[in-house]
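Chemist: Per my numbering: the sequence shown ends with 249, consecutive numbering throughout.
Be aware that a few hints might be false.
What the hints assert, rightly or not - Calculated lysine-lysine pairs in the DSBU-like style (CA-CA distance at most 30 Å, straight line):
(1) LYS152 to LYS120
(2) LYS141 to LYS217
(3) LYS59 to LYS197
(4) LYS59 to LYS26
(5) LYS152 to LYS172
(6) LYS152 to LYS217
(7) LYS120 to LYS133
(8) LYS172 to LYS197
(9) LYS59 to LYS120
(10) LYS120 to LYS172
(11) LYS141 to LYS152
(12) LYS133 to LYS172
(13) LYS217 to LYS26
(14) LYS141 to LYS120
(15) LYS152 to LYS197
To be verified - If you anchor each label on the Cβ, the simulated ranges turn out as follows:
(16) HIS214 to ILE186: 16 to 24 Å
(17) SER155 to PHE233: 36 to 44 Å
(18) PRO203 to GLY64: 48 to 56 Å
(19) SER213 to PHE61: 18 to 26 Å
(20) GLU33 to LEU56: 33 to 41 Å
(21) GLN135 to ASN114: 24 to 32 Å
(22) ARG143 to ASP36: 38 to 46 Å
(23) HIS38 to GLN210: 39 to 47 Å
(24) ALA231 to LEU154: 22 to 30 Å
(25) SER155 to LYS133: 34 to 42 Å
(26) LEU112 to PHE61: 35 to 43 Å
Worth flagging that the hints you see were computed from the coordinates, not collected in a lab. Idealized CB from N, CA, C, for every residue including glycine.
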Amino acid sequence: MHKRVLAFREFNDRHTADNIYILIERILIEYNLIGKVFIVGFDNASNNTTVIPRLRELCGASTLMGRFFHQRCACHILNLCVQDGLAALRNALEVVKGGIKLIWASTPLKMQWWQYLKDRRVNDCVFPKDLSIRWNSTYNLIQVLIRYKDHFPAFLRQSCNYIINTADIDTCEKIVNVLPYFNNATQTFSHVYKPTANEFFVEAVNLAGFFVNFPMLLTLVIFVIS
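Turn these sequences into a full structure, and let the hints guide you.
Modeler: Rendered as structure tokens:
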């Protein structure tokens, strides 16, 4: 299998279904691909979904009666599921992330934090950014936090009377124990320089095996998808 980028275009128009369709149609005509498209993969936005029937008609999706013409983005679906799961733990996560923001918003406090670690012969800590559009950025953030769980809450309590309870740290540790399965799948689905369709089944089976051990999480995912 090979992967090539044929048309990487700037898209300054509003991302409506009509504008998306016009751009894709123009590219398909330019490269003489009308009638040669087997699968279209989109993120799960409503405007993208609205484009599909028109593209199916344009391309005459007759292969296997067009059953596989529209493939939803597995990585995006996984992101939605994990984001909803993390939302159920929002209280603990927001307390922890609030403490991190407090440190990085103040240069003097940041310097105090590094000095606090240095005095205890602990390596400097740089927390990765938490991006709302990437659930695994939260996972990466919590991973770093857990390594400093004996110092981070104590420093905040001592320096600015910001309280992070033991229960909040315990919640973060439980999250770190669960999320590696989803992180591995996300990394696999997100490859840029190689096809990933052939790897989906293996990761789906791995996640299914994980849910066998955590049936309550499976109930949550079914609720999110439905």
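Chemist: Against the range 33 to 41 Å, how does the distance between the Cβ atoms of GLU33 and LEU56 compare: consistent or not?
Modeler: Violated - the Cβ-Cβ distance for GLU33 and LEU56, about 20 Å, lies outside 33 to 41 Å.
Chemist: Per the hint of 34 to 42 Å, is the separation of the Cβ atoms of SER155 and LYS133 within bounds?
Modeler: 23 Å, violated
Chemist: For LYS152 and LYS172, compute the direct alpha-carbon distance and say whether it is at most 30 Å.
Modeler: Given pair LYS152, LYS172 holds - Cα atoms ~18 Å apart, limit 30 Å.
Chemist: Assuming the hint says 39 to 47 Å, is it satisfied by the Cβ distance from HIS38 to GLN210 or not?
Modeler: This hint is violated: roughly 27 Å between Cβ atoms.
Chemist: Has the given pair, LYS120 with LYS172, been kept, meaning a C-alpha gap of at most 30 Å?
Modeler: 13 Å, holds
Chemist: Hey, LYS152 versus LYS197, does the alpha-carbon distance stay inside 30 Å?
Modeler: With a Cα-Cα distance of about 21 Å, the restraint between LYS152 and LYS197 holds, given a limit of 30 Å.
Chemist: Taken at face value, is the distance from the CA of LYS26 to the CA of LYS217 at most 30 Å?
Modeler: Within the cut-off at roughly 6 Å; holds.
Chemist: With the threshold set at 30 Å, check whether the alpha-carbon distance from LYS152 to LYS120 stays at or below it.
Modeler: 10 Å, holds
Chemist: I want to verify a distance hint. Is the separation of the beta carbons of ARG143 and ASP36 within 38 to 46 Å?
Modeler: 55 Å, violated
Chemist: Looking only at beta-carbon atoms, does the pair SER155, PHE233 fall within the given range of 36 to 44 Å?
Modeler: 25 Å, violated
Chemist: Return holds or violated for the Cβ distance of LEU112 and PHE61 against the range 35 to 43 Å.
Modeler: 40 Å, holds
Chemist: Holds or violated: the 24 to 32 Å window for the beta-carbon distance between GLN135 and ASN114?
Modeler: 27 Å, holds
Figure legend: structure checked against the earlier numbered hints; hints not met, in rising order: 2, 3, 9, 16, 17, 18, 20, 22, 23 and 25.
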